[in-house]
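**Student:** Numbering (UniProt numbering), first residue to last: 1 to 292.
Simulated from the structure, these hints should not be mistaken for lab results. Glycine included, every Cβ here is placed at the ideal spot set by N, Cα and C. Take the hints with a grain of salt, since some may be wrong.
[Claimed, not checked] In silico DSS-like cross-links for lysine-lysine, where the CA-CA straight-line distance does not exceed 27 Å:
(1) K145 - K118
(2) K233 - K206
(3) K79 - K135
(4) K243 - K206
(5) K145 - K135
(6) K109 - K61
(7) K206 - K118
(8) K206 - K145
(9) K62 - K145
(10) K65 - K79
(11) K180 - K109
(12) K135 - K180
(13) K243 - K260
(14) K61 - K180
(15) K206 - K180
(16) K206 - K79
(17) K135 - K62
(18) K61 - K135
(19) K135 - K64
(20) K62 - K206
(21) K65 - K109
(22) K118 - K64
(23) K109 - K68
(24) K145 - K65
(25) K79 - K64
(26) K68 - K79
(27) K109 - K79
[Unchecked claim] Computed Cβ-Cβ distance ranges for the label pairs, DEER-style:
(28) R10 - T255: 47 to 53 Å
(29) V184 - L77: 37 to 43 Å
(30) G165 - L25: 33 to 39 Å
(31) A179 - D72: 51 to 57 Å
(32) K135 - H5: 24 to 30 Å
(33) H241 - K118: 36 to 42 Å
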Amino acid sequence: MRGDHFYRTRDYRAALNAYTSCLQLDTRNAQAYSNRSLCSLRLFLFADVIADASKALDLFKKVKKEGKDPEDWAQELEKRARCLLRRGTAYTRLGMFDLALQDLDAASKLLPDNELIKDDLEGLREAIAQHPYVKAKEEGDRAFKQGNTDEAIRAYDAAIDADGGCFQALSNRAACWLAKEEYVRCIEDSTEALMLLDPSGHFNTKLALRLLVRRGTARCWHGDFEEGRADFKRALLLDPHNKQLQDDVSMLVTTTGAAKSLSEFMGSALPDARSHALAALEAAGIQRPPGA
């Protein structure tokens, strides 16, 4: 594969593009997904790592043990373990430690005699137990579930101060800002979290979906319908069969006055004045957001 050559020369972007071309010809090429996930890891595209490693793992799992000699089967298990390790690494870099532990634990079970994986798993457990981010984020999650948004924000602030590269706390704080109708802050946190997921700005994995919806919602309530539409278009393309998402977006755009229907919102020119949204809210008997 050309991708293998580019990877060996450390041209990770070219390797990624080569594996992408390969997958355009064969969407069930598990090894190409696996190799592309490694390129994405080198390029810090953690959402893409998770997506490709997951696809590769699903395809590798379809390979049956029957008819394979012990050496061939061991190689198949190693392929699965590599996917789990890459995905676990991406989860760790994003602060999704529970999922990272699950992947490392699964890899350890696939290769029980691999001492390196055992050491990595134990090291990750110790690091998580000692990391101030984890405790602060858990406190924020509990407070948010209990409806104490201000306390949740303070906890997420502490988590982000402890590790600004962990997108989950940023994503959750964005949800808090949205609940408080602090739309600009919600947009800022959602954008920062999205850039941690994918610095290229493509945001083409389902891990970005919730953030796109959150940011799109904040943008519409803030009166920025064009940007809100762009976010919702991306979200709907990521999950085109999600009826609940379609219904939620439809309700939002009609309530804010962005458009008369979802189809109009997604395919026509939009109002650009916030007064349109506020007038629609008043006509519907809905109280204006604070400061409007």
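**Student:** Decide, hint by hint, whether the structure agrees.
**Tutor:** Status of the hints after comparison with the structure:
1. K145 - K118: Roughly 35 Å between the alpha carbons, so the hint for K145 and K118 is violated.
2. K233 - K206: Distance of about 13 Å is within 27 Å: holds.
3. K79 - K135: Distance of about 34 Å is beyond 27 Å: violated.
4. K243 - K206: 15 Å, holds
5. K145 - K135: It holds: about 16 Å lies between the C-alpha atoms, which stays within 27 Å.
6. K109 - K61: Distance ~14 Å between K109 and K61 Cα, so the pair holds.
7. K206 - K118: Given pair K206, K118 is violated - Cα atoms ~30 Å apart, limit 27 Å.
8. K206 - K145: 23 Å, holds
9. K62 - K145: 38 Å, violated
10. K65 - K79: 14 Å, holds
11. K180 - K109: 44 Å, violated
12. K135 - K180: Holds, at about 23 Å.
13. K243 - K260: 19 Å, holds
14. K61 - K180: Not satisfied, since the Cα-Cα distance of roughly 44 Å exceeds 27 Å.
15. K206 - K180: 25 Å, holds
16. K206 - K79: 24 Å, holds
17. K135 - K62: Violated. K135 to K62 sits at ~38 Å, over the 27 Å cutoff.
18. K61 - K135: Outside the cut-off at roughly 35 Å; violated.
19. K135 - K64: This hinted pair is violated, its Cα atoms lying about 42 Å apart.
20. K62 - K206: With a Cα-Cα distance of about 23 Å, the restraint between K62 and K206 holds, given a limit of 27 Å.
21. K65 - K109: 16 Å, holds
22. K118 - K64: Status holds; Cα separation ~26 Å.
23. K109 - K68: 20 Å, holds
24. K145 - K65: 44 Å, violated
25. K79 - K64: Judged against 27 Å, a Cα distance of about 13 Å means the pair holds.
26. K68 - K79: 15 Å, holds
27. K109 - K79: 13 Å, holds
28. R10 - T255: 47 to 53 Å: 51 Å, holds
29. V184 - L77: 37 to 43 Å: The hint (37 to 43 Å, Cβ to Cβ) is violated, given that V184 and L77 are roughly 50 Å apart.
30. G165 - L25: 33 to 39 Å: Between G165 and L25, where Cβ atoms are some 36 Å apart, the hint holds.
31. A179 - D72: 51 to 57 Å: 53 Å, holds
32. K135 - H5: 24 to 30 Å: 46 Å, violated
33. H241 - K118: 36 to 42 Å: With a Cβ separation near 41 Å, H241 and K118 satisfy 36 to 42 Å, so the hint holds.
Taken one by one, the earlier hints fail for this structure at numbers 1, 3, 7, 9, 11, 14, 17, 18, 19, 24, 29 and 32, listed in ascending order.
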